[in-house]
Amino acid sequence: MKKTILLVLLILSSCAQVEEVPPENLIREEKMADLIFELAVLDATKGFVPKDQKQRIDLDADSFYQFHEIDSAQFTSSNAYYAKQPKAYLRIVSMAKTKLEEFEKNMEESDNEILKIDSIDIKPKQRKNITK
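Here the sequence shown is numbered in our numbering, starting from 18 and rising by one per residue.
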């Protein structure tokens, strides 16, 4: 009987929700969203860069941490902490997603501006100068 009670108490105590203690150097949510946004852009550029320049992008990842005055361990521990806090992580990812959408919109607008400049709207006289 004692073993059964002890087993039940052990099972119940193991079911208790343990509150995650934030790391000492926790990155705040807003900055974490900025970091995730910038890392996503940096990672996306790897697919468009020639192989000989990929090493430079890897170096840029190192300088990324230096620029933001953090290290990879601080980012990793903060990311792991927020990953265990679903509501907070969802806020962070939502902020990063919003930044990515704004960035994409700005890039499309600047592409459209370039296309307008590069279109056939060039006057015939200017076109002759370009072809010479």
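Among the hints, erroneous ones may be present.
Calculated cross-link-like contacts (lysine to any residue; reagent style SDA-like; alpha-carbon spacing at most 20 Å) [said to hold, decoys possible]:
{"#": "1", "residue 1": "K101", "residue 2": "A113"}
{"#": "2", "residue 1": "K48", "residue 2": "D69"}
{"#": "3", "residue 1": "K122", "residue 2": "S111"}
{"#": "4", "residue 1": "K101", "residue 2": "S111"}
Derived DEER-like restraints, expressed as beta-carbon distance ranges [claimed, not checked]:
{"#": "5", "residue 1": "E126", "residue 2": "S89", "range": "31 to 39 Å"}
{"#": "6", "residue 1": "K63", "residue 2": "E119", "range": "18 to 26 Å"}
{"#": "7", "residue 1": "T21", "residue 2": "F81", "range": "28 to 36 Å"}
{"#": "8", "residue 1": "N42", "residue 2": "P67", "range": "53 to 61 Å"}
{"#": "9", "residue 1": "P39", "residue 2": "S89", "range": "14 to 22 Å"}
{"#": "10", "residue 1": "Q83", "residue 2": "P39", "range": "17 to 25 Å"}
Because the hints were derived from the structure by calculation, they are not lab data. Using N, Cα and C, we set each Cβ at its ideal position, and we do this for glycine too.
Results for each hint:
Straight-line distance between C-alpha atoms of K101 and A113 comes to about 18 Å, which keeps the hinted pair within the 20 Å bound. Between K48 and D69 the CA atoms are separated by roughly 32 Å; this puts the pair beyond 20 Å, and the hint is violated. With a CA separation close to 16 Å, the supplied pair K122 and S111 stays within the 20 Å bound. Taking the CA atoms of K101 and S111, the gap is about 16 Å. The hint holds against a cut of 20 Å.
Separated by about 34 Å at the C-beta atoms, E126 and S89 satisfy the suggested range of 31 to 39 Å. Taking the beta carbon of each, K63 and E119 are about 22 Å apart, inside 18 to 26 Å as hinted. For the hinted restraint 28 to 36 Å between T21 and F81, the CB-CB distance of approximately 56 Å leaves it violated. Take N42 and P67: their Cβ atoms lie about 37 Å apart, and the range 53 to 61 Å is violated.
Checked against the given bound of 14 to 22 Å, the beta carbons of P39 and S89, roughly 18 Å apart, stay inside it. Our hint of 17 to 25 Å for Q83 and P39 holds, since their Cβ atoms are close to 24 Å apart.
Checked against the numbered hints listed earlier, the structure breaks hints 2, 7 and 8; every other hint is satisfied.
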